[in-house]
Every structure is written in C-alpha cells, then in structure tokens.
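Following the hints, position chains V and A against chain B.
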Amino acid sequence: MSGTEVVIEVRGLCVDYGFGDDAVHAVVDADLELRRGEVLGLAGESGSGKSTLAYAITRLLRPPGVIAAGSARFAVPVNAGPVNAGPVNLLTAGQRELRGLRWNEIAVVLQSSMNALNPVLSIGTQFSDVLRAHRPDMRHADRQARSGELLEMVGIPADRLGSYPHELSGGMRQRVMIATALALDPSVVIMDEPTTALDVVTQREILEELMALRDRLGFAVLFISHDLSLLIEIADSIAVMYAGRLVERAGASAIFRAPRHPYSLGLLSSFPALHGPHQTMEGIPGSPPDLRNIPSGCPFHPRCGYAFDRCRTDPPPLLDLEAGTRAAACWLQDGRKDVPAELARPAPAAAPAPAPVPAPAAGPDPVAGPDPVAGPDPVAGPVSAPASTAPTGGRA
Amino acid sequence: MRRLLRSPKVVIGLCLSGVFGLLAIIGPLLAPYNPNTSVSTTVSIAQPPSAAHLLGTTQVQQDVLSQLLVGGRSTILVALVAGAAPTVLAVLFGVTAGYFGSWGDDLLSMLANIFLVLPALPLLIVIFGFLGKGANPNDALIGVIIAITGWAFGARQMRVQTLSMRSRDFVDSARIIGEKSWRIMTFEILPNLIPVVATSFLFTVIYGVGTYTALSFLGVISTSHWSWGTMLYWAQSAQAAQQVHLEWWWFVPPGLAVGLFGTGLALLNFGIDEYVNPRLRGSREGGLSGRRARQAGLPRRPQLGLTPVVRAGG
Amino acid sequence: MRMMSRRISLYLLTAVVAITVNFFIPRLMPGNPALAVLGRVQAQESPQAIAALEVQYGVQTKTGLWGQYIHYWAQLLHGNLGTSLNSYPASVDSLIRAALPWTIGLVGIATVISFVLGTLLGVAAAWRRGSWLDGLLPAMTFFQAAPYFFVAILAVALFSTKLGWFPPNSGYDTTTLNPGFNWPFISNVIDHAMLPAVTIVVASIAGWIIGMRNMMITTMDEDYVLLAQAKGLPSHRVVSYAARNALLPSVAGFSLAIGFIVSGALLTEIVFSYPGVGYLLFTAIGSDDYPLLQGIFLIITLAVLLANLAADFVYAFLDPRTRQEA
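Residue numbers (this note's numbering), protein chains in the order written: chain B, 670 to 1065; chain V, 259 to 572; chain A, 91 to 416.
Just chain B, same shape as in the assembly (with noise of 0.2 Å):
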C-alpha cells in the first residue's frame, strides 16, 4: 500500500472468552493495520470476531474476556496530552497511560445508542464530563461552546444541549454518539455497526456526514459491518474475518472486483448489483461454526466448494499476494495448485494514497463508479467494460 504512517499495528493477537482448558478461541492470530486517515473495514459473520478483535484492542471487552497474546501499538503523535509521543503498546499499557490516550486520540462509536447514552443526564452534562475529564483548563462557558459547536457539526442544533436521550430520535442519538466521538480530535474512531439499527435512509445520511468529517478533520476509522456492500462502498482497504481469523486483507475494490479467498467470494454472491445483467444469488451454504467446536485446519472447509486435502488438516496462514499489497489465508493461493478463474481476475491496479469521496454525491457506484485507476492497469490488462467487470453470476 502507500506509504501514510501506521497508527495501529496489531499483531498475533488472540484473544479468548475464560481461561484454561475451556477457553473459548474468539480471535486466533490476528495481524491487522491501520494508517493515519484510513477507512479500514472489518467484515464478518456474527461470531467471526470483529467485535471482539476492536473491543480487545482498546481493552474495553468485558469479562470473561482475556487477551492471551499478542500486540496492539498505537503511535501517539506529538502533543497528545499527558502521554508521551511513540508507539504504546496498548495491551500492557496502566490504567493511567490508557485514560491519557482515551477519547483523545481513541475514541469508540457502539451499535445502540439508546444504551450508550446515560439515560439520567442531559447531553449536554454528557458532553461536558467529556471535556472536563480530558481539558481541565476549560472553562465552563468554553465548554458550552465546545458542546454546541460539535451538535452543529453534526447538523442537531446548538439548542438541543439540554434535551435528554429519550427526547431523541435514533437517528439523532447516533448523531450524538459521532459528535461525542469526536469531542477531542481523536486520531483514531472505531465504529461498532454504527448505522445497523437505522431505516436505510437515516442509515445514508449518517454515512455521508461521517465520510465528509473525516475528510476535515482526517481521523481514521476502524469499521466494523457484517454489510460487505456497505464496506466496499465507504472502506478504502477491508479485512474479512471467519470463525476468529483473518481470511482475507485487500483494497476495498479489489476484493470486490478480484477476491481471493472462497469465503470472500461467497460474501460478494450474496448481494445483488443494482445494474448488469440477473444473476442467480448463491450465499454460502452452511452456516458459521461454533466457536467451542472449530473445524481441524481451514475453519472454512466444511463449506468451501474448492477445498483438497491439504485443507482439512493444515490451518492456512494469511499470505502475502502481489507484491504485499494484499493478503489471504488460503492454500489456493501459496503457488503450488492452480487456481480457479473467480479467485484469480485481474485485480484493479494499486491505488494512491486514499482518495477523499466526494461528501454530497450518493457514493461510488459498484459496479460502473469512479474508479480511481485513471488509464488500463499494466499487469492485467484493460479495466474496461462495465459488463465484464460485473460479478458474473453465470458460472457453476
């Protein structure tokens, strides 16, 4: 990928629900990055582990989670508060180093927000524990002010400071959730299904307003969906979990237009495109494994149609494809056995460095929308008619 800083660098996290012989395997192994301004989509089964992986990394999974090896470090940049600037490893940080770095440079954005807001206290009070906990040299007018500068920002007006959770609809409490997030500039905000519980059209809006404050304000995001259209559409790069692991890491339009594991491709079958020709929807028969009772080898056997031996009894690791830039856990892909045409298309030429999405215009289209490879793409040949870029349905 380009060359923008890494802000959060996990490495061979596992992360277990008890401890001992009947721990609960949730992550195994996880190798993730996030650089500075990026939109990295985390996508998932329920139960694959991308909750648990985001909460574990802030530290905020609830008992009986245990963390049981592994690294997250995050670079805190300078003028960060009472932290000192460097990578900090957040899983061995004290209680201290971790209330420094949170909310400032971390914050989290959760799926209910009618359960994330203290019910008892205006938004206003919520608002101001915020800024009084973090800048305590802020008077209170200021803060006052802070408060109704960041509802504008989310478009609620500055009146709304003293209204209560429940006056709210959940499309503005969600608004709140956001602006609260956002309260102290944070470098990093990881949103947990933000939008999953709104009408589709609320569900839109939030999503343009976030794309454009992200835009100024240049946070990275952590998104978290089991809605791989939704990923695609606002991610720049996307990891797929399976079963606690990592199967596939990839720029958001290559693992649309060229995936490269089974389990990816089968997510992509599931929807339909709005535009080319009908297609047959396939999804992925089975269903996710119990976590307590994990497949031997490839936890994705059972429901791959392309599995051989060697999948049964080896656990893939994630490999690295094409020159670094993406990666996927899967024995078709380590160059021994030849792979079949749906897991080999040609994939878009290498990106630069993220390119901000046009906050009004109703999102990249996903099949005919503004590429960002300008002219045909050296290695694979012309990236040319919207027809036969379209997932084909037309195959066994």
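By construction, these hints were calculated from the structure, which means they are not laboratory data. Since this is a predicted model, take the numbers as computed values, not measurements.
Below, simulated DMTMM-like cross-link-like pairs (lysine to aspartate or glutamate); rule was C-alpha separation at most 25 Å, straight line: (1) V:K267 to V:E532; (2) V:K438 to V:D363; (3) V:K267 to A:D224; (4) V:K267 to A:D311; (5) V:K267 to V:D531; (6) B:K1006 to B:D983.
Leaving out everything else, chains V and A in the frame of chain B:
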C-alpha cells in the same frame, strides 16, 4: 436443578428451613414440659439453663425450651398459611389480570396499589384489637387474616411477569392455534413463572413470620396462645433484658429462632434469584478465578474497561 | 406530571379506604366490642361523654349506617378523633400530638441514615465485587430477618445492661430535666435516642445494601457505563453514571419499605419505652382504648401516605423520563 444445589446459599437455606419445618411437625412432641405449667410457685426469679431446664425458665418458672418448641409450631404454621394463601391469590389474580388486561387489570392494579400502600401492621392491630383478646383464633385463621395484607406484592409481580410474557412469540403462536385462554395460562405461562412464584412465596412467608411475631409481641393476639412472639412479649413485660443478671436465655432463643428461620428462607430466595439472573452469581465466571489464572497474571477482580492480558504475551 | 397526579389520586383513594375501614371494623367484629366498651365506661363518665361515644360507635342511634358514616367524616375533618377511654378526658388527638414529634424525629432521622448509608455500601459492594464487603451480606440477611424489636432487645441487653453505655428507656430523664431548648436537655434526648436509632438503622439497612448492590451489578452491564470508561472519565464519575441509574428502583422501593420501617420503628419504641406513637399504641392495646387505637391507625396511615408522596417527588426529580407527558 442440580445447578441450584451447587450454590452454598441454597444449601444452607434449605438446611435451615428444613430444620424448622421438622420442628413445626414434631416440636410439641419433643417438649419436656407443658409450657403453661409453672414448676414452682415459690421462686420468682427466672432460672438460667440447667440440666432440668435446657434453656432455663421464665420468671414464673415455666420451661423456656418447651415454650420454644410448642410456640414454634404455631409460628411456622401461621407463617406458612400467611405465605401460601396470598401466593395462590397472587397467581390467580395477577396472571389473569395480566393476561386479559382491560378493566379487570385496572381494577386489580388499583386494589393492589391500595393494599401495598396501606401500612399493614397498624391495620392488623386494629383488626385483631377489635377481634378481642378473649377470642382464641386458631393458627389458620390468623394466617388468613395476615394474608389479607400480604397478597398485593405477589399479585403485582405476577402481573408484570405475565404482561411481559404475553407479548412473547410462544404465547402468540398458542393463541393463533386456538388454544383456550385458561390452557395457555396454565401450561404456557405458568411454568415460566415458577421461579417468581417461588421467590414470592418465600418472601411472603418471611413477611408472615415477622408480622405474626410482631402482633404477638404487642399482645394483640391472645397472649395465652404460645408462639415465639408471645415469649418475647412476656420477656419484655418482665424486663428480661433490663435485669442486672440479664435473663438472656429467655429472649435470645425465640428471637434467634425467628431470625434463623427468616435467614434460611431469605438465603433460599437469594439462591433462586442468582439462578434466574446469572449476573448476580459470584465472580467465578469462565475459569478466570483459580490459581492458574493468578499465575498467568490475571487479576482476581477483573475491572471494567481494563481487559486482562495474560502475562508473557507477544 | 401525569404520573404525579395518578399517584396523588391513589393516595387519596387509599386514605378514603383507610378511613372507611376504620369506620366499619368496630361494627363488624363479633360480640360488638363497642357495647363492651360502653359497658365498661358507663359508670365513670358524664352523660354527654357517653352520648358522644354512642354516636361514635353507632349504638342506639336513630340515624342509619350512612348517616353515621357522614357524621364520622364530619368529625374527622374537624380534627376530632374522639376521646381516649383510658386517659379520659384527654382527647385522642392531643395524646397523639404529644407523642408524634418523638416518633417523627427518631424514625425520620434513622430512616434517612439507613437509606444513605445502605445505598453507599451497596454501591461499594457492587463496584468492588469479591472484596470483604461481600462477606457482610450473610450477617446483613440475618439482621433483616430478625424482628426489629428483637434487635432492640439485644441492643438493650448488650449496650445498656451489660456495658452501661446508654440508658435503657424513655425519651429523656424525666426525673431531672424539663423540656426546653437548652443543651442539657437536648444532649440527654440524643443520649436516649441513640439505641433506638441504632436499632432501626441496623435492622433496616440490609435491605438497602442488598437491593442497591443487585441493581448496580445489573446496571454496570449497560453500554453507557462501558462507554464512560472508554471515554476515559475518572472512576468516581463512572461509578456515578451507574449509581444514578441504579438508584431509581431503590427510591421506587422506598414506598414499599416505608410501611415496614414505620411498623418496625413502632415496635422498637415499645422495647425502649420511648414516648412516641408506638408506645402510645402499646398502652392503647393493653387498656382496650379503642378510640385511641383507631386514631393512631389513621395518623400512621396518613404519615405513610405522605412519605410515599415525598418519595414519588424525589423519583420524578431523579428520572427525567417521567417528566415526559405520556
């Protein structure tokens, strides 16, 4: 069910309650003396425990142990009636009102609220006071009268639970199939209410013991009718606690008996509560406690917002 | 405010029911105790007094039941609760008025202390689960199950008779002091009130502790508490986020508890011969002083209803969701 028995609270509670239950049945048979007879008319000071009188005597030389055993049956019997009757009523009214709703529900709620707010003890004092101290009502009747004040709490709980269950899918599907209402209430809703019924019953029994003892202590209920409360009445009249030589054997046993009986029931209640709401259980979740976890560097009490990390990680 | 008006109408209705029950009980009991009362009293009292009593109990009057009921209400609204039989010719309300301040002082202060202390301990027990505070619970359970007056008797036995720290009875030393706003009197009052107050606190605190602890544990599972930690708020603020919400059921439960606490406090007074309403009740029972008995029942009921109303106001203040109009 087996999980229930693993909790120490439940085991202790069951033991205590069991002991007292046994006492209620065979107590009077074990009493060495008639609690009313004075062993001697010449001595006028209460005697401390001795070989002849295991728990000593009262001021008028009655055997304390016998009073305790005979009084035990009365106390426990009244408490059980005062606990069972309201629970039955509560289930009947609460579930019906919650299920059918509309004006029946409103009426019941209003009645229940009134009885909840009305202070029970003063009302019972007035009732029993006018009933007359001469009349010697039997235990069951006393229990029923106390039940008048105790049904509202359980009824409200049943109603709330029924309401929340009524909107659940399994009830809806039963109704669509065309099951009769009373069948739905008995076979679908009621089985799910068992834990609530159990706690409600236990709670009301505790209430019954306390109220009956209080009424006897006040002397409102005939003082010749033996119960633990009556013992305390006589002890207080003779100022047993204010005597210089402190006649503790007179007032400690009955009070302790009431306390232990109540504690046994309350522990059972807690046990059931924890069984129903697993979050209340002790922090021994998922093997995070234990020596191996300690050695791996995990704290004994996981703190919110500070997920523990196994030591010697990457 | 709709919730408040509904509560107020409930209390008014309850008051009416209480008054009506009070009216009917003497007339419903077997053996017509009213007649017995009058029989006892006939010899000592003036014809007017007897006539008044007859009217009060509906004996030998030409007015029907409904007429008597109306008359009863008229009497009440004039503040006339009848005349005491035992302390004739003292009126019931004068007796109650003399005793009430003692009870209100004792019960009021003890209840407030118990609630505040119990709630704080409950919060601490929940926040620091697995600490020594959890060991308190079984002992607390016992004290909650044991009757108030038993705890009182134990307190007297231990602290007064055995250790001699506090006086065993009365509100103040009637032999040496006169009531007044002077320090010797007030300190003596406090001295006499210590044991009864401690008894009430010890007997009632367990309920608050356990209730608050359980509510806190459930509340701490909520997302907004986790988020408060994620926001890097100081510990005490996170605790308060949880506690402010966990407090609501406690306050709601206060209405239920107040009836028990008042009853328990009355019994405690008896053990200490404390000159409050409880002791008055005891003497009324002992001497079959029915008018006094009924008068006390009414006053206690009204006091409990008022306390409930106060608790409802506090709840509405604490929970902004109730202020919404439907």
